[in-house]
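K.L.:
At position 114 of the sequence shown (counting the first as 1) the number is 113 in numbering that gives the first Met the number 0, and the numbers step up by one without a gap.
None of these hints come from the bench; they were simulated from the model. This structure is a prediction, so every number in the text was calculated from the model and none was measured. Treat the hints loosely; a few may be bogus.
Beta-carbon label-pair distances, calculated as ranges [as the list claims (entries may be wrong)]:
| # | residue 1 | residue 2 | range |
| --- | --- | --- | --- |
| 1 | GLU257 | ARG120 | 48 to 56 Å |
| 2 | GLN121 | ALA298 | 15 to 23 Å |
| 3 | THR245 | ARG135 | 41 to 49 Å |
| 4 | THR231 | LEU81 | 26 to 34 Å |
| 5 | ARG44 | LEU195 | 52 to 60 Å |
| 6 | GLN5 | ARG261 | 19 to 27 Å |
Glycine included, each C-beta is placed from N, C-alpha and C at the ideal position.
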Amino acid sequence: MTVGQQSPVQPGASARIKERQDQPEHLNRLLAYSHLYKTAMWWRRIRTWGNVLLALTAPLLAVFLPAGASTRGAIAAAWLVLGKTVLKGMEGSATLRAANIQELYDTKLFHLNWNQALVGRQPVPDDVSSAARHIREHGPYLDWYSIDLGDTPWPGDVLLCQRQSAVWSRRDHHAYGAFLAIGGGSWAVAIIMFALVRDMTLLTFLVALFLPSAAALLDTIELAREHWQQSTKRRQVEDDIHDVWTTYQARPADIPAEECRRLQDATYLLRRDGPPVPKWFYDRRRHETAAVTNDGTTALRSSSDPS
0 MTVGQQSPVQ PGASARIKER QDQPEHLNRL LAYSHLYKTA MWWRRIRTWG NVLLALTAPL
60 LAVFLPAGAS TRGAIAAAWL VLGKTVLKGM EGSATLRAAN IQELYDTKLF HLNWNQALVG
120 RQPVPDDVSS AARHIREHGP YLDWYSIDLG DTPWPGDVLL CQRQSAVWSR RDHHAYGAFL
180 AIGGGSWAVA IIMFALVRDM TLLTFLVALF LPSAAALLDT IELAREHWQQ STKRRQVEDD
240 IHDVWTTYQA RPADIPAEEC RRLQDATYLL RRDGPPVPKW FYDRRRHETA AVTNDGTTAL
300 RSSSDPS
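With the sequences and hints as input, model every part of the structure.
P.N.:
Here it is in structure tokens:
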């Protein structure tokens, strides 16, 4: 807050994040950005399944239709270009819209100022409502910030929620990057072994197997690297949050709101520019990660207890 600006919360009081997050105005924003992230993932899924189809059919076609290798190579090259331009652009557009609405969700819930210089104008309510209507089952989205905030005053409660987001994302991005690396590495070994068993020449291997698989392999390598980079950057935000908490742990009400805004800016940029984790992967890990982040938050809050 700037000098003379009134605090949005009574001194020493909490922002009631746990209570307010399930109210319709906040829940609708959560539903809206969740739908848009799903849309972004659909565009990525089209790229992925196209790559997988080319990669999986390459060995079969190399055996039964060897004469069409050059044509298949040209198709694979064209798909690679299409995926890196049109499909990736559509994914990026949906991700940007999702990140902007997620920023609106957080800033309204956390009582933080909107950073128009960074994000641009706030998403209009009509667009939020339109996107939110695509999700009819609200149960999985209730109690989104699931950690126990106790009576932590504002903006200490905001900082703890930002920490949960950073830890959760860091763990998921690292795990998904490893999943991709293992999958891509296994496929590379498989096609090499197939070529050796078939006694292929290097040229035949490159044209019949490697080129049709290149889009999938390149996408997998690039995506795994992006997820690991995202995990590292989330760790940096997480460490920054810990430094702020350590400084003010005895008096979380004295945490400058500008510190939370600065951390929110860093989080927004990572959401905007980083790859999303697929929902199926997120769902499989959700229970464990929720428990881990809740334990971590409890430990932090206990360390600030005078007793």
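K.L.:
Work down the list of hints and note, for each, if the structure agrees.
P.N.:
Status of the hints after comparison with the structure:
| no. | hint | in the structure |
| --- | --- | --- |
| 1 | GLU257 <-> ARG120: 48 to 56 Å | 22 Å, violated |
| 2 | GLN121 <-> ALA298: 15 to 23 Å | 36 Å, violated |
| 3 | THR245 <-> ARG135: 41 to 49 Å | 43 Å, holds |
| 4 | THR231 <-> LEU81: 26 to 34 Å | 30 Å, holds |
| 5 | ARG44 <-> LEU195: 52 to 60 Å | 32 Å, violated |
| 6 | GLN5 <-> ARG261: 19 to 27 Å | 20 Å, holds |
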